[in-house]
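Could you build the full structure based on these sequences and the hints that come with them?
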Amino acid sequence: MSSPQPNRSQLAKMIDHTLLKPEATVAQVRALVDEAAGLGVLAVCVSPSMLPLRAPGLVTATVVGFPSGAHHSLVKAAEARLAVDSGAQEVDMVIDLGAAVSGDYGAVLADILTVREAVPAPTVLKVIIESAALLASDRGEEAVVECCAAAERAGADFVKTSTGFHPAGGAGVAAVSLMARTVDGRLGVKASGGIRTAEFALELVAAGATRLGLSGTRTVLDGLPA
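Numbering (my numbering), first residue to last: 564 to 789.
To be clear, the hints were calculated from the coordinates, so they are not data collected in a lab.
Only a predicted model underlies this, so the values are computations on that prediction, with no experimental measurement involved.
Wrong hints could be hidden among the right ones.
As the list claims (entries may be wrong) - DMTMM-like mimics (lysine to aspartate or glutamate), calculated; alpha carbons at most 25 angstroms apart, straight line:
no. : residue 1 : residue 2
1   : 576       : 766
2   : 576       : 747
3   : 576       : 597
4   : 584       : 785
5   : 576       : 598
6   : 576       : 762
7   : 584       : 667
8   : 576       : 715
9   : 584       : 598
10  : 584       : 597
Here is the structure:
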């Protein structure tokens, strides 16, 4: 039997209200926080340069190695540590995508481990695998499964579909379903990138997403019953 669809307030508590545009201003981030509080979401996700962030009642999340993931692991680790020292409670890191598409999953594991060691629990670590790009690569589903497995072995808390900046695309139902089957409830699954309607958000939740990264949060929530 399928689980009932979440209502507006239930879905809000699964949302990271996000502003990661490189041209975002401090004033826009403050407006994001105010909007997030009014919408009743769980978290706000902002660029690390916006930390520390005053966001009472909200979880503060940030990104590391963003958006390419093509940063040295020690740089990602230092960025993560600085972010946590500046008040971030959750860190969304981008994997070494080149290692993943070439099948070097040991390098993917080492990259995630380096960040995890820099920001141990209780910091929540989400691992962005760029699922659309992996599925479009020669390794396809294998790469998604292996990267999720690496995230789990490294002690991450979530696997996440996308940065929202890769030309291959953002979240997809098939990718979320595959990721959810792979981690099988042991890790959370965050869907992000291109989620613009309530219908699509609910499809992703039904496929196994336990967290959503949204920039158009109000539009999505307005499409749901109270």
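Hint by hint, here is what the structure shows:
Distance restraint check for residue 576 and residue 766: the Cα-Cα separation of roughly 17 angstroms lies within the 25 angstroms cut-off, and the hinted pair is therefore satisfied. Proximity of residue 576 to residue 747 is assessed by CA-CA distance (about 21 angstroms); at most 25 angstroms being required, the pair is judged to hold. Restraint check: the Cα-Cα separation between residue 576 and residue 597 comes to about 16 angstroms, which is no more than 25 angstroms; the hinted pair holds. Using a Cα cut-off of 25 angstroms, the hinted pair residue 584 and residue 785 holds, with the two alpha carbons roughly 23 angstroms apart.
Taken as a hint, the residue 576 and residue 598 pair is honoured in the structure, with Cα atoms around 14 angstroms apart against an allowance of 25 angstroms. The straight-line distance between the Cα atoms of residue 576 and residue 762 is roughly 17 angstroms, inside the 25 angstroms bound, and the hint therefore holds. Between residue 584 and residue 667, the direct Cα distance comes to roughly 30 angstroms. Violation of the 25 angstroms bound is thereby established for this hinted pair. Of the pairs offered as hints, the one joining residue 576 and residue 715 holds, with about 24 angstroms between alpha carbons and a cut-off of 25 angstroms not exceeded.
As the CA atoms of residue 584 and residue 598 are separated by approximately 17 angstroms, the hinted pair is consistent with the 25 angstroms bound. Taken as a hint, the residue 584 and residue 597 pair is honoured in the structure, with Cα atoms around 18 angstroms apart against an allowance of 25 angstroms.
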